[in-house]
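Novice: From first to last, the protein sequence lines stand for chains C and L. Just so you know, we're using my numbering here: the first sequence kicks off at 1 and counts up by one. Just so you know, we're using my numbering here: the second sequence kicks off at 1 and counts up by one.
Note that these hints are calculated values from the structure, not bench results. Hints should not be assumed to be uniformly reliable.
Said to hold, decoys possible - Stretch-level coverage of chain L by chain C, calculated; a stretch enters the list once three of its residues show a Cβ under 8 Å from a Cβ in chain C:
#, region
1, 23-31
2, 213-225
3, 321-329
As the list claims (entries may be wrong) - Label pairs and their in silico Cβ distance ranges:
#, chain 1, residue 1, chain 2, residue 2, range
4, C, G298, L, Q98, 41 to 47 Å
5, C, V316, L, G12, 38 to 44 Å
6, L, P402, C, D53, 55 to 61 Å
7, L, L23, C, V183, 24 to 30 Å
8, L, V84, C, V183, 32 to 38 Å
9, C, D53, L, L23, 31 to 37 Å
Even for Gly, the Cβ is constructed at its ideal location relative to N, Cα and C.
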Amino acid sequence: MNALLLLMGLLLLSYIGSFLVGGHAIRGFGLPSGSEYLLLGFVVGPSVLGLVDRAMLGVFEPIADVALGWLSFVLGLDYAFLGRRRVRAGNAIAACLIALLTGGSVAACEFFVMRRFTSLRGTELLLVAGGIGAACSETTRHAVRWVVERHRAEGPLSNLLAEFADSDDLLPIVATALLFALVPAEHTKIAIPQLGWAGITVGLGVLVGAVAAVLLARELRLHESWGVLLGTSLFAIGLAARLNLSFVAMMFFMGITVAALSRHHDDIAAMVAPTERPVLLPALLLAGARVDPQAMPGLPWIVGVALVVRIAAKLVAGFFVWLGFAPARPAGAALGLGLLSAGALAMTIGLSFALRFPGPIGDTILFTVSVVTIFGEFVGPGRLRAALSQAGELAERAPQRVAAAAASPEELGSGVASP
Amino acid sequence: MSQAAVAPKGIGTRVIQATILVLLFALLFATTRVVPEIHEGVGTIGAVGFLLLAGTLMSELVETIRVPHLTGYLLAGMAAGPHVLKLIDHDTVRNLAQANALALALIALEGGAELKLSIVKRGLKSLMWATLLQSSLVVIGVAGIFLLLRPMIPFLQPLPFVGVVGVALVWGVLSVTRSPSAALGILSQTRATGPVASFTLTFVMTSDVVVVVLVAACLTVVQPMIEPGGSISLHEFHALGREILGSVALGTTLGLVLAAYVRLVNKQLILVFLALGFGLSEVMRYLQYDALLAFMVAGFVVQNLSRQGEKFLSAIHQMGSVVYVIFFATAGADLDIPLLRSLWPVAVILVCSRAIITYSTGRLASWIANDPPSVRKWGWSGLVSQAGLALGLAASIAQKFPSFGNGFRALAIATVALNEMFGPILFKFALDRSGETSAAPELTRASLTPAARPS
């Protein structure tokens, strides 16, 4: 397969993705996190059929960078927002604590297991353990929305879980910024401490976000809004990549800043929301093609630990949610299994590590995250549906595809009722 | 999303825009100094973002002195490019230029779709006279000036007189190339409607076909003059016939398919344009068809053989606003300023003489065709700009005649640079003066209008 064919394939996926959010087809169609495209990429990639080789994937790295950066921007713009309203502070903090518990547990266990079963030491060990932990910590909002959409769930528990899923991204992003800062650019002409590079990541994201907000706040012409958003995004990705910083983190903070400073947050969110799926699917295909099952000796151990510890951590987190939040009581103490879905953010972090640290480090993180995402895809939504059913929040007749297709994108976020 | 008219921009807005522009330059300057060496692809991403932002802001700022946006894009590119601040290096500019296939596809589609058959028919007499005279008198006139400048042009010195005449004819043909992208860029910004706008659009878009025929004819004739021992061969015409017919056929088919798509689906046209820009352009390059002509025919077919023209144009405009900025800012970054500095006396004479001959010929053609007064006065103004087509031809001529090719190409780059800078300014000035620039305010998001703001 040549590069042009791959490009056309990616555009085709993007086209399909656009219909999945456009209301033309059913938004609850397919798997919640689009893992089928991850598997498709794996199959056509160098590890299985070899239709796309490593060299060609290298040609597409800039496209992958842009796709991941844009996804992070969309996540940042929508961070702690459920539809048009902000997530309650208490729920946002709880979501961060769940992410900290999950990601921290996974990272700590991986650290000890890898020190025993692999030759990784020092910064490399920190990068792999931390990267896996960061990517494993989230619960993807896509899965929660998918279940809500497909089964017409409505009620306080749906609302609570949607708020958790929409506000647990901060911690993994900060962790990613810190981990990338451990290995700054090689030919840098100034000496800055590692923490300083993490600060620069956040600072540049905020600065470029502020520029975007100011430009969008003035009397900007309609067609220029896209120019400003694309221009600032590509500029930020370029800056981050030049400095070897995490463009995922920079773009996320850019999104948060635009959301915080712009009075036109709703307009901007409505503009960019339909682009998420069309960008995500090609990114998943590229990620799948890069997955290498022989990334490192001892990989089965690493993956096994990530899966087991993540399940355990989510169960514990679910138990605390069950204890501490009244809407969660009817769902039972195993609610945490419903939070197992990982998706856009996990794969974005995994692929960004693979792009920045090609070789065993990046490949190990990406492979582990891919397995965790696929596992979560098959377990999470089912358990979530069961929990919502126990809580009596599912509609009588499900799935209601026609009704789901008629709903507007905003309703996806706010379709859950207020308690 | 709802739309509303936008209020004129005040001094506060301009100060903010200037501040942000300086900030962007400073940020990129700082990062390029902190980390000078990077992977090519990384530089390209940042460069696209920077050119998009800096070009947009610069165009807003030069708008205050009534200079076209397009010139602002060029200025931003020049300032950041490898010859001035060196924020964007040569490799990045080369990478960006490769992505121009998308821009050219959009420009050609838009140009074709803007050509309404009724307008073409109405102005057919003007078009025919202008094409005939501009393609003959300008070639002869500019070739004559070029011949007179022989002592000032180093690469002509080793050639015999007959050879110099041959090169002068080639230069004359090069001088009848126009810039569809510049004309469309200005028309898109000003949203001008009227005789001058219609005439320029029709002339510039059809001149593409005329130029490729002229070039083929000229190269056939001058080959034995420039290269002793060479003979006249009709091979060029054989290849040309195949190229033109193939391009028109493919363009017609594409136009019908696009019209059907717009009618039946009418979604995600941006992705369709991306696929066309990158995919189909590559296929046409492989088939040795003229992508510009094929896309222009496709746009023409959608506009005139279906009812989907307006929807189609609207979709192109949405994407075009971003593509134009990157395309022209990249062209600005690519301008070889040191070369221009060394060749400027000859280049200035050639540019001025071409403009004067174009003006005189325009007046003559308009007088013969009995054009409206505005076309008589300003019809020539849109024909001065030159850009990618001229550079492409110069490159292929340089390849065909290695004995003088490099010098020829360098001079062409210098003159095209001047025409690219001043042509759009002249055209916009003419549209403003002829009263064809739209006075209607542009659209913005409703939430951005003063009425929608909280007090």
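Novice: Three residues minimum, CB to CB under 8 Å: does the region 321-329 of chain L make the cut for coverage by chain C? Let me know.
Specialist: Since 3 is at least three, the answer is holds.
Novice: Just to be sure I understand the hint, the distance between the Cβ atoms of V84 of chain L and V183 of chain C should be within 32 to 38 Å; is that true here?
Specialist: 33 Å, holds
Novice: Does the Cβ pair D53 of chain C, L23 of chain L satisfy 31 to 37 Å?
Specialist: This hint is violated: roughly 42 Å between Cβ atoms.
Novice: Does the Cβ pair P402 of chain L, D53 of chain C satisfy 55 to 61 Å?
Specialist: 38 Å, violated
Novice: Taking 8 Å as the C-beta cutoff, is the stated coverage of the region 23-31 of chain L by chain C satisfied by three or more residues?
Specialist: holds (count 5)
Novice: Honestly, do G298 of chain C and Q98 of chain L meet the 41 to 47 Å range at C-beta?
Specialist: 43 Å, holds
Novice: How about the region 213-225 of chain L: do at least three of its residues have a C-beta closer than 8 Å to a C-beta of chain C?
Specialist: violated (count 0)
Novice: Is the gap between the beta carbons of L23 of chain L and V183 of chain C within 24 to 30 Å?
Specialist: Since the Cβ atoms of L23 of chain L and V183 of chain C sit about 28 Å apart, the hinted range of 24 to 30 Å holds.
Novice: With 38 to 44 Å as the target window, see if V316 of chain C and G12 of chain L comply at their CB atoms.
Specialist: Given a distance of about 54 Å, which is not inside 38 to 44 Å, the answer is violated.
Violated hints, listed in ascending order, are 2, 5, 6 and 9; each of the other numbered hints is respected by the structure.
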